[in-house]
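**Q** Read off the chains here:
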Amino acid sequence: DVKVTQSSRYLVKRTGEKVFLECVQDMDHENMFWYRQDPGLGLRLIYFSYDVKMKEKGDIPEGYSVSREKKERFSLILESASTNQTSMYLCASTKRGEYNEQFFGPGTRLTVL
Amino acid sequence: QKEVEQDPGPLSVPEGAIVSLNCTYSNSAFQYFMWYRQYSRKGPELLMYTYSSGNKEDGRFTAQVDKSSKYISLFIRDSQPSDSATYLCAMIRMNRDDKIIFGKGTRLHILP
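Protein sequence lines, in the order shown, are assigned to chains U and H.
Be aware that the first sequence starts at 1, since it is given in the working numbering, and climbs by one per residue.
Be aware that the second sequence starts at 1, since it is given in the working numbering, and climbs by one per residue.
Isolated chain U (complex conformation):
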């Protein structure tokens, strides 16, 4: 059974803290994505990566950075968490050339106090 896993289901952090969200996929996919999902705003792309050590900004990269040191792992970093980053964070992966079939992880519900 193919899988995308995320390090935490629920996370509570304080304003100003550095936050790491980890995503691991076991499908040998080249492409990996980070989204946030908010009521009324839907899914918004933060960053994506099409290869190890490569990254591209999505629609809302401000306040976030990413790291892809290994093919199976894609990390999202909130350098200094703020309350407006409270959200559901979803990781996804796809094979190269098959962006239409994205495999999503279960999500991390992050609350910043």
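If a hint is listed, it holds; no wrong ones were tucked in.
If the Cβ cut is set under 10 Å, some of the chain U residues that face chain H in the computed set are:
1. 102
2. 103
3. 104
Straight line, CA to CA, 27 Å or less: simulated DSSO-like cross-link-like pairs of lysine-lysine:
4. U:55 <-> H:42
5. H:99 <-> U:3
6. H:42 <-> U:57
7. U:71 <-> H:42
8. U:53 <-> H:99
Because the hints were derived from the structure by calculation, they are not lab data.
Backbone N, C-alpha and C define an ideal beta-carbon position, used for all residues, glycine too.
Put chain H on the given structure of chain U with help from the hints.
**A** Same frame as chain U, now just chain H:
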């Protein structure tokens, strides 16, 4: 005009009814059209996808694309309580390596 528009619902229908979910879009370059289903507290999963115009059927689900009207639909026949979820339409332009654009999702409740 937003690239993809989808009514957020919620849509409540009785068990056994036919459900119709819809999206409109503005960019005529979209060629791949997808429907994702998202259960509460889970990530979305791909339900069906269609290339270009026409219909595609998979069991109780039918996806329909009308490119002339820039309108896509998902029909669910004989709806079940287990179909209760949020349904997100999504689409990509000509190049399949392009960025996927999601609708905001429609919440569907099937009433037993």
